Amino acid sequence: MTRSNLLKTGLSRRTLLATGAASLATPMLSTRVFAATEELTMLAWYGHAEPDMVAEFEAENNVKFKPKYYTGGDNMLGLISQSPVGTYDVILSDAEYVQQLNAAGYIEELDPSDYAFDEFFPEFQKFPGHWDGDKLYSVITRFGFLGVAYNTEALTEAEASSYDVFWNEKITGKLGHFDWHLPNLGQMSLANGNPSPYDIDAVAWEAVKEKTMSLRPQVGGFFDYGGTFSSLENGQMLAFGGIGDWITGVLEKNGASVRSVIPEQGGLQWTESFSIGKGSAKAELAKKWIQYVTSAKGQAKSADMAAYPALIPNQKGWEVLAQDKPEEAKRQNMLLGQSNVMDMIRDGRIQYRQLPIQQSLEDWNDFWSEYKGA
Amino acid sequence: MRKRITLYSLTFSLPLLLWQLVFFVFPLAFLVALSFWTVKNFRMEPAFDTINWVTMYGRSVFWQSYGLTLALAAGASVLTSILAFPCSFAIAFKLTPKMRQLAIFMMVIPFFTSYLVRVYSWQIFLSDNGIINGLLGLTGLEPIGMLNTVFATMIGYLTLCFPLVVLLQLFSLMFIDRTLIEAAHNLRCGRLRTVFEVVIPSARVGLVVAALFAFILSFGDFVSPVYLGGGDPTTLSILITDTTKSGQQWPRAAVIALTMIGTLLAVAFAAISFAYKGRGK
Amino acid sequence: MNNFNRSKFVEFGLRFYILLSFGFVFAPIAASFVFSFNSDRFPSIPLGSFSTEWYQAVATDPLVWDGLRNTLFVGFIVSVVSTILGFGAAYTDFRYRFFGKSVYMALALLPPTIPVVIMGLAMLAYLSRINLSGQSISVIISHIVICSPFAMAITRLRLSQMDPDLEAAAWNLGASEWAAMRYVIVPFALPAIFGALFITMAVSFDEFAISWFVSGLNETLPVKVLGFLQGQVSPRINAIGTFVFVTSMTLVIIAQILLTRQMRDTNIVAKD
Chain A
0 MTRSNLLKTG LSRRTLLATG AASLATPMLS TRVFAATEEL TMLAWYGHAE
50 PDMVAEFEAE NNVKFKPKYY TGGDNMLGLI SQSPVGTYDV ILSDAEYVQQ
100 LNAAGYIEEL DPSDYAFDEF FPEFQKFPGH WDGDKLYSVI TRFGFLGVAY
150 NTEALTEAEA SSYDVFWNEK ITGKLGHFDW HLPNLGQMSL ANGNPSPYDI
200 DAVAWEAVKE KTMSLRPQVG GFFDYGGTFS SLENGQMLAF GGIGDWITGV
250 LEKNGASVRS VIPEQGGLQW TESFSIGKGS AKAELAKKWI QYVTSAKGQA
300 KSADMAAYPA LIPNQKGWEV LAQDKPEEAK RQNMLLGQSN VMDMIRDGRI
350 QYRQLPIQQS LEDWNDFWSE YKGA
Chain B
0 MRKRITLYSL TFSLPLLLWQ LVFFVFPLAF LVALSFWTVK NFRMEPAFDT
50 INWVTMYGRS VFWQSYGLTL ALAAGASVLT SILAFPCSFA IAFKLTPKMR
100 QLAIFMMVIP FFTSYLVRVY SWQIFLSDNG IINGLLGLTG LEPIGMLNTV
150 FATMIGYLTL CFPLVVLLQL FSLMFIDRTL IEAAHNLRCG RLRTVFEVVI
200 PSARVGLVVA ALFAFILSFG DFVSPVYLGG GDPTTLSILI TDTTKSGQQW
250 PRAAVIALTM IGTLLAVAFA AISFAYKGRG K
Chain C
0 MNNFNRSKFV EFGLRFYILL SFGFVFAPIA ASFVFSFNSD RFPSIPLGSF
50 STEWYQAVAT DPLVWDGLRN TLFVGFIVSV VSTILGFGAA YTDFRYRFFG
100 KSVYMALALL PPTIPVVIMG LAMLAYLSRI NLSGQSISVI ISHIVICSPF
150 AMAITRLRLS QMDPDLEAAA WNLGASEWAA MRYVIVPFAL PAIFGALFIT
200 MAVSFDEFAI SWFVSGLNET LPVKVLGFLQ GQVSPRINAI GTFVFVTSMT
250 LVIIAQILLT RQMRDTNIVA KD
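First to last, the sequence lines map onto chains A, B and C. Going by numbering that gives the first Met the number 0, the first residue of the first sequence is number 0, and it counts up by one from there. Going by numbering that gives the first Met the number 0, the first residue of the second sequence is number 0, and it counts up by one from there. Going by numbering that gives the first Met the number 0, the first residue of the third sequence is number 0, and it counts up by one from there.
Keep in mind that a hint or two might mislead.
To be verified - Straight-line C-alpha distance at most 25 Å; calculated DSS-like pairs for lysine-lysine: (1) LYS93(B) with LYS7(C); (2) LYS125(A) with LYS287(A); (3) LYS39(B) with LYS277(A); (4) LYS97(B) with LYS7(C).
Hints in this document: simulated from the structure, not taken from any laboratory. Here the structure is a predicted model, which is why all the values come from computation and not from measurement.
Take the sequences, apply the hints, and build the full model.
Given below as structure tokens:
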């Protein structure tokens, strides 16, 4: 090898090493820059740690959220069980999974006096499954209704006001399912006239299965959150089972011609709650966050969350929302002193979504995959 | 060749062996063990129970998905091979060396783009109000429903496999002895006949390997069936993720996974022995 | 070649078919580029107005930057380690014959043929047992498993172009095995080594399925993109895609230029 060439390879090797070292050091460097800021990890549905929700809290408390977004309750349980203890400081889960979280010992006990339950509607002060006797494990933060989501150009509100619309030949091949058995089968159970859709005996369960199967030729696809979102927007699907305003609300606000109604057979309620992960090293900060997001101010933000809107259980939050965003308060029908969404619950038109009571969850799962594969 | 085991030889051979043993063989072996575990109330418990195998193999939906996935992957493999062949043939025989270089370079480019992004992009083409139907509309034709169909899934598989298949076919075509082709021509062998009786047999290994890769890739892909096919019908890859999403049935998912691996190995073995059939060792 | 077998029509048809194929391959890439500058929240025809808002949204999203940093960090380590491992295996195959070699080669080449969903499943189940899940190291470990076969294949191809006697000649001239490796094999394989570094980095850059399973909180950029696809579908996908594409293409072209320069240099040296 000639000298000049040696020099050149030497040089390039040095530059290579230098760039290598630099790029290796970048992650370390950046953690040092943020070292003054505390990091709080959150396991949640998509959107809960986006700037519109957390920016203010982050600035006030010099904290930075590090989110992990899951795609369903089982996915959430899997993520927790397969990560070291204490990985997630704050956990947002659907209400029906709180008991599973608690049974598995994944969440910390909370002190009820830390949270503004007196500001909540009475219905939500002692939410089932969140308490074990007097012990609190999770705080409800938002909820919403599931009904018939439909394209307003293809179907009228009158048509959409019954689950029968799913069998309407106008939407053959254009009916989408949010790919989760609980809300869909719950709606089928309601459509079959079961007053408590998740507490049904063997005969009623067989009838629900049969009813559901008869819907199969109508179905155009099974979608996750993102897929549901875009296929409703671009008119690829004209109606959806298993969802509600949490998806159509976003699209409606963006000008798409889609809406949700609670049909005459009744609707379901989804509920989201915050817990503190077992073994969290930042339980104090996590508590602060839950206090913030269930306070009137945090609740108003939560109602209008960019990713998906929701109803809120804090009455003071309703007041703040009516002040700051009267349009949204009106759109979601969350105005005090007049007929509002709480009446739907009080009139018994809404049932909590929950795990099946007389069948095992496995039965429902298995049937759902049979339905999908049919 | 020296055959002694020396520090020198071990330095080069051992690291990969150890790595793949610890992080490839062990995880797969663990998958086998996992398939015998039980799940109670969302929690996995070590056990030796054949219940997962019995349950999965006893379900018609599993065999339906299995047959469907097999058919889809075989279809994708055949379709990609057929569609890719004229392209690789033309690149190999009809382009100047410089243009061929460029063509190869262009075929490598897709490997540097995200498959997810490309699939998302296809949604824009295929949706009811998308680019293709927009163009059809201009010519006064009725829109065609393409998204959320098997056709869209196939487009996705093609996106995944086409560049790789072209490259693999190309490399075998480029090494064909050209005098063979000229000889065929001089013997007044027709164009198509030359392709079928000279070109394809001489490039058989490459063509089969290319088809095999297309099969492997489509057999395990979950992005196209979900984001282009609308998750309907259920392929095995969807069934796997669904199973882990339903009551933490990881052991059952392991059963599906192991069945898939077994199938892939069998197909690969069959394809390779077909490729080398009749060839002198 | 005689004219008997040439038909203008067929010649033209075949060339046109090449163009058609590239059209198919590049259509989604081009569309993604175009729509990344489109103002509409949901892409449709006709186009909205020109806008860089999705790039701004991406650029100001700290999570995307975290993801990018993770991806680079993972990609760099993965490419170096897999290239080293792959080189070792390629050299082993090139030089040695031993009992169980076919098993060794199967181990070295098999991983990319296992569907990524299965790899992800197995990796997560296994790594969480040995407390290695949910970290960057988990992604690195799994990526090395699937990347080293590529490095091995690329290096092996290059080595097969080498005259096996070359190494023996070096030994006869008194070089130790190590010296022969240092002065004969490595320089000869250098282009392949560089190629392997870039290819493995590219594979790692684009891998989302295994990473989705094992990465936990330390998501890489492709996992973020999958998240966008599962969550709020947004043209940010296109912006990230275009950005990553332009970056990796720049890398590839630089590598190409470096390689051709280096080959030229080696040729000059050889003439000395």
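The hints, checked one at a time:
For a cut-off of 25 Å, the pair hint linking LYS93(B) to LYS7(C) stands: about 12 Å separates their Cα positions. Pair hint LYS125(A) plus LYS287(A) holds up; C-alpha atoms about 20 Å apart against a cutoff of 25 Å. With a CA separation close to 21 Å, the supplied pair LYS39(B) and LYS277(A) stays within the 25 Å bound. Taking the CA atoms of LYS97(B) and LYS7(C), the gap is near 21 Å; set against the 25 Å cutoff, the hint holds.
The earlier numbered hints are all upheld by this structure, with none contradicted.
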